[in-house]
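2 protein chains.
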Amino acid sequence: MRQAGRYLPQFRALRAKYDFLTLCRTPELVAEVTSQPIDYLGVDAAILFCDILVVLDAMDRGLHFDKGVGPVIDRPIHSSEEIAQLHRPDVADSLSYVADGIKACKERISVPLIGFCGAPFTVASYLIEGGGSRDYKRTKQWIFRDPKGLHALLSLLCDVTIDYCKLQIEAGVQALQVFDSWAHLLAQAQFEEFSLHYLKRIVDALRPTGIPVILFCRGSSFFAEQLASLQPAAISIDWSADLSQLSRKLPSNIALQGNLDPDILYADKSTIERECKKLLNGMKDHPGYIFNLGHGLKPDMEPENVRCLVDTVRNS
Amino acid sequence: MRQAGRYLPQFRALRAKYDFLTLCRTPELVAEVTSQPIDYLGVDAAILFCDILVVLDAMDRGLHFDKGVGPVIDRPIHSSEEIAQLHRPDVADSLSYVADGIKACKERISVPLIGFCGAPFTVASYLIEGGGSRDYKRTKQWIFRDPKGLHALLSLLCDVTIDYCKLQIEAGVQALQVFDSWAHLLAQAQFEEFSLHYLKRIVDALRPTGIPVILFCRGSSFFAEQLASLQPAAISIDWSADLSQLSRKLPSNIALQGNLDPDILYADKSTIERECKKLLNGMKDHPGYIFNLGHGLKPDMEPENVRCLVDTVRNS
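So the protein lines, in turn, are chains A and B. My numbering numbers the first residue of the first sequence as 1 and each following residue consecutively. My numbering numbers the first residue of the second sequence as 1 and each following residue consecutively.
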């Protein structure tokens, strides 16, 4: 959950020299950024430094990151006709920089490396909106105005995502997390039709590789039972649910990951320790529980507080 | 759910002449705006035209509405010291314009009139952030940095809100809806401590009046069982849940209201009819079900589509 990122001064120092996509595209820098939180925090696993939207870079949609704005897609999609003109890129070629970054990480880092990708629905939302959005209105409109067109887009993005995950696995990642950051905008039936269906295709396609797949949605507190029906190795839960209560409703063969409210890191250390221990205590009988935040770290969080959190987990 | 609002050309015509707060403060204009959707749509009840933040106007925090921005609070709250200096206004005096607006509506409108207020947590969020916010970071920080201070603010706002609801009841509203628009930002334990506790105080304080209280949260799909524990007359559900499934988990003596995804109104009429009938059919055995949207109408929705929806409900 952005364990490599702007809250770390050593990341900001690199970011002052290189733009975001240059960092993603340069294997030595990927290894440097990915290892920063490992060195500073001492966490049990590294998550690859990259961005869920690089598949749109591979598809030549004009991805760039603007300061204070976030991702921008210069060539968003407006119609079914435009979707029909999209092609499935050769990710081995266009995203070779990710494979090279993974290999550079593996040489440098001794803990397991987690790769990741965006879920088709979330990536489609960015591609339709042209970037982030307050209400994702164009995407929601598309659901009702042209569901068939949207499915064509999701299906293509799903194929690209599966190719991309396989590329990461071949390069050496030891687990893969799928991020569906905007799934919470969907009503339950919409979630099943436009998100879950494609998550299932990804989980099923990757199952033969033996690499554990972790599913995260914003809204996974609410959609946990549907996600569990796909039988992924693990589900990562956002901060809404009481995880200990939720775990009782879910099959015990699926690991649960999460779900501390990241905003707790704005508190003082004793509050951080108390809230962390409460969560750990609630999950102490759950086999395979993986401590994590329920959402990403924010740029103005204190690195010391993040380390205090990791230390609390380690010492519990 | 904004049945009076910018999607109606007759509302935009008035809004071109008067600013938002002037509309709220002028009884004849309140009656005019409140009646517009009754005349055009033929709905079964009117919801008072007003804004949840007028209590901050009563508390002299410099409330105004800026074009394209929404509500702005010129004097937000930054500290416990500032909270200690806040006072409980005499709403009979400072919000007499709402009472007068209600009386003007009652003279003009023949259907029942629903009053409303913001929940203390949501109103506090606006007061802390100084307006709307993307991530409500200052409010979330306050939860962890100074929960006691936040409780002092919530308790004061709860008292003011109860006074304000009683004022509306005395002026003639026949039901009251409480809007907790930002509750979905809260983790479950936070929701219970910082939102539900105050909703309970409101429901309990208004119970002796005999006026039905309807509770709405963004997140009510997720928090429905906690809301039901307060035994309000009704719960209004956001668009996330499958309402028919959710209704089976809730006590049958509480009416359910909701929860069509408002974005369905961007579709064509046959889709609107189909989705509306699906919802009605799922709720046909639920006594006291109240059809409604799961969130507010948006300014660029077609009035004809909204009317098509109302007609479908009426004819089913």
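It is worth saying that the hints were derived from the structure and are not from the lab. Ideal Cβ positions, reconstructed from N, Cα and C, are used throughout, including at glycine. Accuracy of the hints is not assured; some may be wrong.
Okay, the calculated beta carbon distance ranges per label pair [what the hints assert, rightly or not]:
(1) S96/A with D311/B: 35 to 45 Å
(2) K269/A with D285/B: 52 to 62 Å
(3) E28/A with Q245/B: 32 to 42 Å
(4) D311/B with R12/A: 49 to 59 Å
Can you name, in rising order, the numbers of the hints this structure does not satisfy? 1 and 3
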